[in-house]
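Residue numbers (my numbering), protein chains in the order written: chain A, 355 to 685; chain B, 54 to 633.
Read the hints as simulated data drawn from the structure, not as lab findings.
Check the hints yourself; a few may be wrong.
Claimed, not checked - Using 25 Å as the maximum straight-line C-alpha spacing, the simulated SDA-like pairs for lysine to any residue come out as follows:
hint, chain 1, residue 1, chain 2, residue 2
1, B, LYS277, B, ASP115
2, B, LYS168, B, GLY233
3, B, LYS272, B, ARG175
4, B, LYS358, A, PRO534
5, B, LYS558, B, THR463
6, B, LYS366, A, LEU440
7, B, LYS515, A, PRO534
8, B, LYS515, B, ALA454
9, A, LYS536, B, ASP385
10, A, LYS536, B, PHE513
11, B, LYS302, B, ALA325
12, B, LYS515, A, ILE532
13, A, LYS536, B, VAL495
14, B, LYS505, A, LEU626
15, A, LYS536, B, GLY501
16, B, LYS588, B, ILE546
17, A, LYS536, B, ASN517
18, B, LYS358, A, ILE650
19, B, LYS358, A, LEU626
20, B, LYS168, B, THR575
21, B, LYS147, B, GLN539
22, B, LYS505, A, LEU529
23, B, LYS580, B, GLY550
24, B, LYS505, A, LEU527
25, B, LYS505, A, ALA528
Keep in mind it's a predicted model, so treat the numbers as computed, not measured.
Here is what each chain is made of, one letter per residue.
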Amino acid sequence: MTAPSDVPGSAVHAEPEAVTVGMGTTIQGRSLGAIAWRRLRRDRVALGGAAVIVLLVLVAIFAPLIVALLGHPPLDFHYEKIDPDLQVANGPFGGISHDFLFGVEPVNGRDIFSRVVYGSRISLLIAFLATLLAVLIGAVLGVVAGYFGGWVDTLISRTMDVFLAFPILLFALALAGIIPDKAFGLEGDALRIALIVVIIGFSSWPYIGRIIRGQTLSLREREFVDAARSLGARSPRILFTEMMPNLVAPILVYATLLIPTNILFEAALSFLGVGIRPPTPSWGGMLSDATHWFQIAPNFMLFPGLAIFVTVLAFNLFGDGLRDALDPRSR
Amino acid sequence: MRSRRVAAAAVIAVSTLALAACGGGSSGGSSSSGGGSDVGGVHNVSDVTGGTIRYANSGDWDSLDPADTYYSYSWNFARLYSRALVMFKSAPGKDGATLVPDLAESLGKPSDDAKTWTYTLRQGVKFEDGTPVTSKDVKYAVERSLDKTTFPNGPTYFNDFLDLQGYTSPYADSDPNKLGLKAIDTPDDRTIVFHLKQPFSGFDYFAQMPSTAPVPVAKDTGSKYKEHVVSTGPYMFDTNDLGKSFTMKRNPNWDQATDPNRKPLPDRIEVALNVNSDDIDNRLQSGDLDVAIEGTGVGPAAQGKVLADQTLKANTDSAISARLWYTSINSDVAPLDNIHCRKAVEYAADKTGYQRAYGGATGGEIATNLLPPVIPGAEKFDTYPTPGNAGDAAKAKDELAQCGQPNGFTTGISYRAERPKEKATAEALQQSLAKVGINLEVKPYPLGDYAKLYAGKPDFAKANSLGLNVFGWAADWPDGYGFLAQMVDSRAIRASGGNTNFGVKDPEVDAMLDKALVTTDTTAREKIWVDIDKKVMDDAYILPGIWSKGLLYRPPNLTNVFITDGYQMFDYLALGTTRK
Numbered sequence: 355m356t357a358p359s360d361v362p363g364s365a366v367h368a369e370p371e372a373v374t375v376g377m378g379t380t381i382q383g384r385s386l387g388a389i390a391w392r393r394l395r396r397d398r399v400a401l402g403g404a405a406v407i408v409l410l411v412l413v414a415i416f417a418p419l420i421v422a423l424l425g426h427p428p429l430d431f432h433y434e435k436i437d438p439d440l441q442v443a444n445g446p447f448g449g450i451s452h453d454f455l456f457g458v459e460p461v462n463g464r465d466i467f468s469r470v471v472y473g474s475r476i477s478l479l480i481a482f483l484a485t486l487l488a489v490l491i492g493a494v495l496g497v498v499a500g501y502f503g504g505w506v507d508t509l510i511s512r513t514m515d516v517f518l519a520f521p522i523l524l525f526a527l528a529l530a531g532i533i534p535d536k537a538f539g540l541e542g543d544a545l546r547i548a549l550i551v552v553i554i555g556f557s558s559w560p561y562i563g564r565i566i567r568g569q570t571l572s573l574r575e576r577e578f579v580d581a582a583r584s585l586g587a588r589s590p591r592i593l594f595t596e597m598m599p600n601l602v603a604p605i606l607v608y609a610t611l612l613i614p615t616n617i618l619f620e621a622a623l624s625f626l627g628v629g630i631r632p633p634t635p636s637w638g639g640m641l642s643d644a645t646h647w648f649q650i651a652p653n654f655m656l657f658p659g660l661a662i663f664v665t666v667l668a669f670n671l672f673g674d675g676l677r678d679a680l681d682p683r684s685r
Numbered sequence: 054m055r056s057r058r059v060a061a062a063a064v065i066a067v068s069t070l071a072l073a074a075c076g077g078g079s080s081g082g083s084s085s086s087g088g089g090s091d092v093g094g095v096h097n098v099s100d101v102t103g104g105t106i107r108y109a110n111s112g113d114w115d116s117l118d119p120a121d122t123y124y125s126y127s128w129n130f131a132r133l134y135s136r137a138l139v140m141f142k143s144a145p146g147k148d149g150a151t152l153v154p155d156l157a158e159s160l161g162k163p164s165d166d167a168k169t170w171t172y173t174l175r176q177g178v179k180f181e182d183g184t185p186v187t188s189k190d191v192k193y194a195v196e197r198s199l200d201k202t203t204f205p206n207g208p209t210y211f212n213d214f215l216d217l218q219g220y221t222s223p224y225a226d227s228d229p230n231k232l233g234l235k236a237i238d239t240p241d242d243r244t245i246v247f248h249l250k251q252p253f254s255g256f257d258y259f260a261q262m263p264s265t266a267p268v269p270v271a272k273d274t275g276s277k278y279k280e281h282v283v284s285t286g287p288y289m290f291d292t293n294d295l296g297k298s299f300t301m302k303r304n305p306n307w308d309q310a311t312d313p314n315r316k317p318l319p320d321r322i323e324v325a326l327n328v329n330s331d332d333i334d335n336r337l338q339s340g341d342l343d344v345a346i347e348g349t350g351v352g353p354a355a356q357g358k359v360l361a362d363q364t365l366k367a368n369t370d371s372a373i374s375a376r377l378w379y380t381s382i383n384s385d386v387a388p389l390d391n392i393h394c395r396k397a398v399e400y401a402a403d404k405t406g407y408q409r410a411y412g413g414a415t416g417g418e419i420a421t422n423l424l425p426p427v428i429p430g431a432e433k434f435d436t437y438p439t440p441g442n443a444g445d446a447a448k449a450k451d452e453l454a455q456c457g458q459p460n461g462f463t464t465g466i467s468y469r470a471e472r473p474k475e476k477a478t479a480e481a482l483q484q485s486l487a488k489v490g491i492n493l494e495v496k497p498y499p500l501g502d503y504a505k506l507y508a509g510k511p512d513f514a515k516a517n518s519l520g521l522n523v524f525g526w527a528a529d530w531p532d533g534y535g536f537l538a539q540m541v542d543s544r545a546i547r548a549s550g551g552n553t554n555f556g557v558k559d560p561e562v563d564a565m566l567d568k569a570l571v572t573t574d575t576t577a578r579e580k581i582w583v584d585i586d587k588k589v590m591d592d593a594y595i596l597p598g599i600w601s602k603g604l605l606y607r608p609p610n611l612t613n614v615f616i617t618d619g620y621q622m623f624d625y626l627a628l629g630t631t632r633k
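Please model the complete structure; the sequences and the hints are all you need to start from.
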């Protein structure tokens, strides 16, 4: 009789070893970050978004150089490009030419290309700073609320509710109207930027705060936190060394998704006339001016509108990809 | 509020346009020879009666009640259904700014000190129900116009000038006939006497306001009277759907024999309210509407279309209004307290940029002084001439040196945030003044509180260094007083804000204003207005920008179309139509 051991199907007993053999001789332990990075690399849409974001940041940083090469100073008037009767550009397509890539602004003939390029500085700067502020406040308060619970949680959660219920746009309009020209040692554009950053940051931190609080609530019941506590770790150590690393992923994801919201918020404020002051260019401000001209000078509205659209889309696509990569279950 | 004063536009050089326009007269359906000729600034002269004229308003009427309305288009239109003591003549150009008696037999007869004014009413004038009009109806109409709680929109000239002695309103009047006001006497049914607390030589301008049109006390329903105003003019209200539309028909009790001023042509008048302004422009061109009643001209979109099309362009009139768009130079703010620094601003400003901000030559004519050319007696002069009105850097720098600021200085420029043209003005001035080293910080403020809390509040303007304030001003009627009084009288500046004089502070100007008020001779008075204009310009308190213009579109079926200097738009009393 042939012995059963001749049968190649003895794998039934040898399964664990078979796996080891199949994967090669060395086991690569991958960190969470490396796994996420692998997933992200395979997501072409997210990578496309990231490429656009990098490009936009470069444009914002090198705006003076780009404008020197391809445009005209953003504040210079070009009356000679404007039809004195109609107050729109001479010639077709809003004055688009090799000299003025996006055409010229009605009435004063400013270079729309240069203004869109410089506008990216304001939009991105404000969006990044405001997001940073929102993340700082939201993460710290969210962790504290989730970890300590009790009356601390109640206090912080109700504060979030109050902020979420606040008619923030109306508040921003009122605040921007009464703020003096010089305050807190700042003046001019710097003060306006700081003001908008504070307004946007303070209005959007509860969104992050709630998510972090929820994550913290589930994390603090996990075994490794119990382990740390039973080893005698104090709260600050548990919070910042044990739990924070586990919170980096959601913070990163929601920060990326908050940036486009903040870009739109800044555009809305500028559109309503309480953003950055003229003649400093900003996308929202340009859109606001263009509303009076869109029927006869559509390019004035098109290009800043496209800039906002592309930026917001890029951040959203990248943010979505990042979330999928860091937390595939949320798909 | 002052900002409501929409005096809009006036006559002007229509000659070239008029020549081109005659061809279009026959497209209205009627091929009669009545239409199509242009005489003395009047397009399509005709006396053919009948038809309906269709008006549209992009907003709501402030009120049809003659006591409660403060738009110049409304005052123009009110002559169709009400007869005030005096009215602006229904005539083209300068003649349209002259006053003629309407309900009264003649213009007002002043006492020697110009403090008492007497009018005698025409015989035979009746309300739409056939009741004869008496001087008591006029007195009652003026009394009710004093009540600013019930009628908040109307002007306050009678409140300011009549010797009220505490009288507030006929609705709070203990007199059984509600005629308790002592400042107005009615010795008989045809005589009315006004007693003023201070002399005022231009009282006839007050008497042309719709609030002197008679109101029968028995029919007065207070704030609801606007639902059915009792007519004394050639038309009476047929239907009235407040906020939407109203129609008018001929008034059977209006008698041509009592009225030398009116020749009513159409049988019906239809007015649509709250119509989108771009829609109005399109419907005017398609023949679906006859008149954009506000008379401020077509919007920017339609303007581009009309100016690019010779046929459409031929059917337009450019009306220059009694409105000045200007920038106040605030002497409270250092270093503009120094006259040389103010003069530097006058010389450095590029007015072609100012004009571009308001739409170029179509939007207005470059102003070199205050009084708009449509104001009777106005003189055009230029105290700070610059080549091509584009600014003179050399002269500006010279003034800066005399001011002790050879390298220039920094100050703020305020404008009304909701007004794109004012923003464009601020940016244009920023550009041109920067060339001589004057740096402007651009500061927008909300329109609603601009005069009350911001630029028009002296301590705010000073604390925030609002050295320049972009603003505009229009006359309530084409006359030096109506234009200048609120703009240059330093005694009108209130510390609490709400000012329309942002910084003209010259006691000599105040004295000249007082002198004008007691000067009953029209020519002499008009001379004083010009002197005030010159003095304010010498002081360099105001940087004049442009005298506003509107591009009015005139559908070919309209007859007797002309622009009157009285209201600076088409005269609605004269219009007829060939469309039956």
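Evaluated hints:
{"no.": "1", "hint": "B:LYS277 with B:ASP115", "verdict": "holds (13 Å)"}
{"no.": "2", "hint": "B:LYS168 with B:GLY233", "verdict": "holds (20 Å)"}
{"no.": "3", "hint": "B:LYS272 with B:ARG175", "verdict": "holds (22 Å)"}
{"no.": "4", "hint": "B:LYS358 with A:PRO534", "verdict": "violated (43 Å)"}
{"no.": "5", "hint": "B:LYS558 with B:THR463", "verdict": "holds (22 Å)"}
{"no.": "6", "hint": "B:LYS366 with A:LEU440", "verdict": "holds (13 Å)"}
{"no.": "7", "hint": "B:LYS515 with A:PRO534", "verdict": "holds (13 Å)"}
{"no.": "8", "hint": "B:LYS515 with B:ALA454", "verdict": "holds (24 Å)"}
{"no.": "9", "hint": "A:LYS536 with B:ASP385", "verdict": "holds (20 Å)"}
{"no.": "10", "hint": "A:LYS536 with B:PHE513", "verdict": "holds (14 Å)"}
{"no.": "11", "hint": "B:LYS302 with B:ALA325", "verdict": "holds (15 Å)"}
{"no.": "12", "hint": "B:LYS515 with A:ILE532", "verdict": "holds (16 Å)"}
{"no.": "13", "hint": "A:LYS536 with B:VAL495", "verdict": "holds (14 Å)"}
{"no.": "14", "hint": "B:LYS505 with A:LEU626", "verdict": "holds (21 Å)"}
{"no.": "15", "hint": "A:LYS536 with B:GLY501", "verdict": "holds (24 Å)"}
{"no.": "16", "hint": "B:LYS588 with B:ILE546", "verdict": "holds (18 Å)"}
{"no.": "17", "hint": "A:LYS536 with B:ASN517", "verdict": "holds (9 Å)"}
{"no.": "18", "hint": "B:LYS358 with A:ILE650", "verdict": "holds (9 Å)"}
{"no.": "19", "hint": "B:LYS358 with A:LEU626", "verdict": "violated (29 Å)"}
{"no.": "20", "hint": "B:LYS168 with B:THR575", "verdict": "holds (16 Å)"}
{"no.": "21", "hint": "B:LYS147 with B:GLN539", "verdict": "holds (24 Å)"}
{"no.": "22", "hint": "B:LYS505 with A:LEU529", "verdict": "holds (18 Å)"}
{"no.": "23", "hint": "B:LYS580 with B:GLY550", "verdict": "violated (31 Å)"}
{"no.": "24", "hint": "B:LYS505 with A:LEU527", "verdict": "holds (18 Å)"}
{"no.": "25", "hint": "B:LYS505 with A:ALA528", "verdict": "holds (16 Å)"}
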